[in-house]
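Please model the complete structure; the sequences and the hints are all you need to start from.
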Amino acid sequence: MRTLRDFTSDSAHWVKEQTKVDKGATLLSVEEMSLAYDSDAGRISALSSVSFDLKAGRTMALVGESGSGKSSVAKALMGLLGSNASLKGRAKLLGTDLLSLPEEQHVQFRGRDIGIVFQDPFTSLNPGMRVGQQIAEPLIWHYGADPEEAMRRTVAALAAMGMPDPEQVATAYPHQLSGGMQQRALIAGALICDPKLLILDEPTTALDVTVEARILELLEQTRNDRNLSMLFITHNLGVVNRIADDVCVLYAGEVIEIGPKDKVLGNPSHPYTRGLLASLPLLRGERRRIAPIPGGFPDLRTRPSGCIFADRCPFAEADCTSTRQSLRALRPGHEVRCWKSESTGAWPEVKRKGTRARPVASDTPILEARGLRKVYHRRVPGGGVTWEWKAGILPLPTLQTEALAAVDGIDLRLERGEILGIVGESGSGKSSFGRTILQLNGAYSGQVLFNNGDVTNLTEAELTDLRSKTQMVFQNPDSSLNPRRRVGEAIARAMRLHDKVGGGTREDVERLIERVGLPQGYYDRYPSQLSGGEKQRIGIARALATGPEFIVCDEPVSGLDVSVQATILNLLEELRDELGLSYVFISHDLAVVGHLSDRVAVMYAGRIVEIGQASQVQAPPFHPYTEVLLESAPDPRPSAVRRENKLQMRGDTVSRSPAGCAFAARCPRKIGTICEETAPPLRTFDGGHTIACHISPDDLVRSPQYPESEKDRTSDSQ
Amino acid sequence: MLGVLIALSLLAPFIIPYDPVALDITSRLQPPSTAHWLGTDEYGRDVLSRILMGGKLSLGLGFAATAVSLLLGVPLGLWAGYRGGRYEELILRGCDVLMSFPPIMLGLLILAVTPPAMWKLIIAVGIVYVPATVRLTRAVTLEIVSEEFILAARVRGERNSYILLKEILPNAMAPIVVEASLRVTFAILLGAALSFIGLGAQPPSSDWGLMISEARPLLDSAPWIALAPGFAMGLTVIAVNLLGDGLRATFDPKLRRHN
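Residue numbers (our numbering), protein chains in the order written: chain A, 478 to 1195; chain B, 53 to 311.
These are calculated hints, taken from the structure and not from any lab test.
These numbers come from a predicted model, not from an experiment.
Built from N, CA and C at the ideal position, the CB exists for glycine as well.
Each hint can be trusted.
Quick partial rundown of chain B residues pointing at chain A, CB under 7 angstroms, derived from the structure:
{"no.": "1", "residue": "Glu199"}
{"no.": "2", "residue": "Glu200"}
{"no.": "3", "residue": "Phe201"}
{"no.": "4", "residue": "Arg206"}
{"no.": "5", "residue": "Val207"}
{"no.": "6", "residue": "Arg208"}
{"no.": "7", "residue": "Gly209"}
Listed below in structure tokens is the structure:
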């Protein structure tokens, strides 16, 4: 790989003296950083005495849920805090205290000595500027490089990020690149001045798992090549496991555990870290009940005098709330802010309420889709105009349209009481499928049967039965509730509309609110007064209000923190068992889907490539796409095997091949032109496990990636 | 402040010191004095009295014309944003046609074909501002329609009318009302402009625009006659804008979060 320095060795007059930092020396040392924000509601303490050291060439992961203050650390280091922030402490980067620098000197560091990459690649690039110009900007700004030279280095930097055609990318506008490409361009931009420290704030959260896996790989490789130090901010413990050397767990602005990755993830010591790991559904794990962390974040206007986590901790005793906790070393380099972490046991398990319902196969599935196909037409930009001749003389213009089959021929049966998981990446058509079966997407072809009654393309007036018996739970708790309506009224309205569960009186509504695990008195609240998890509970209560039999859950937990996600998953499961509901559960997260579902369908480009029992889909034989997904999915267990030369998809975007297999163009196990030309046969294995693939069943079973290590892995997972 | 102005306009008949249309040839063109606080015009009419009486006309025109534009524009905008497709095209192209005329020309066009009258002025000014209302309402609606709670309402089988009136409209009101409050001031100014060119209020009534128009030839010798209604108008515009800000503060749920 060509490095940036190669390019500048001959024309290096503007390159600053590189301070050599030895591997293993401390590059960044944060000491006692405290931060408070002034808001209308009073002074909020965001960080309290945060200290950590980052060594050269190492990666420190800063982990925490939303509100833990992890992004505030990044902003403080970059000097990007707003005027309402007051900051104390020191953060020394090679002897310079970043926190006390005046703005005009901070500018010198930003982009030159510290690179930063933000979460959302789609909003981090200026849409009106060519990508190359944006990447080259810091070179010109910091070193006064001439634009031509800067552009040469930009192209080289893009090439170093594994971009197939860097010249073209440099002259493209951001919208012409995929999310993964944009994020790579941003990383290239953050590294263009060859900084010593790279701060990454949730850099892969907005990306699909397969793209995420490649970005993480790229980051690791870059770090090794350049002796770069990375501060990696994330909420995802699986990502931490893949990239970090050291982990620093933040809770409510305090470092509660810090140490080497293998120790913190493999042998977590603070109850909060244990709770986080316990509330994560695991891939290929046995189906244990996930154990959420009760309660919510403390009010940060007044920090409690004792342990910050005491009110949510199952091991808390009187001493915990009275004595302030300090970090103490368990072993060299591994510190924990808990005085009794050795004596506490494992995170308590949660007992299942009642028995797990089992779906029963019958003649009357609750829902059946036959050959479902939903095509969107969209105007092609610059696609041109064709002229039609009406009545022989009138030329009538029609714009060229492009047809896109979001759902491309799906046959599915959903039994009563069954949870069918649908997993796929963005653009796979999983949400379109959910909306189409609920008759929300306009006309489609194929057939949908609900309770054996044909509901295909009925008018709204003919759908009353379906409308009361089917419901939906949405992804985004912030947008799924009407902000101007008290949550109780929203539920009451849904009850009254179909007059099913009670008459929609206040008592009925409050009973339902209680049923989804919220305390009394929430009736009169507005959505803005609720937390994300509470909003999601109200969303579920509203769905239950019409007395449904079948609910489409469209990514109901992807907007939530890990500990909240666990409580919502448990609630959904309980409701299914108790009320005999059936779900179509849509998610991009294979671990979540596998945890909750009875059966799992894997979707790619509008088609189902594999379907089977949850355990079958997570074990060989695999469809090649499922295998790639499993390979890419981050796993928080340090013991999870990381293979070199793993399966990788080709290309960066979903490309469709209408005639053959949907996945043919990107398949790492493609066997020939047959994949693109002929529709793949359905290979059926035990118990209804079906894979649509040209590879012979025997070869599918002999998956190259999973020889016999399966047993080891399951025994690793506690 | 606006309250004071409205109160003054409504109470004008009782508090004015002189009859606004009474001619007094002996005291023509007098500068402001203790007897006539804002002086008198060329016919000896008291300027203060005329302004106070005219306030009712101007404010009334502003609010009534805005109401007309809201009544026509909001439903069209909601429908365009919610249904999209053919309806949207039709409504928006109609708006484009209206918007392609300069406001004064459009007002002129509507008023010129029939003899001027106050209610026609109100309708004319209202129609001038319909396209802006439609476009704003549509833009706000488009944003709300993509929210999941609208889909939730469709999932449970709500009628379109319910979704439009109960789910979308309350959320769209804040920007519409704030914009409408600014619209009031534009309407007052446009109304005054139309009166100024003789198509609105007719002499001897004391509309502010008409007063400025009448005082124009005397601007050199007796500037107070034109300046006073001008100031009154400026004051009203500021007052209405402040009202708009206040409305936005109360309407925005984000500003009420910490109750």
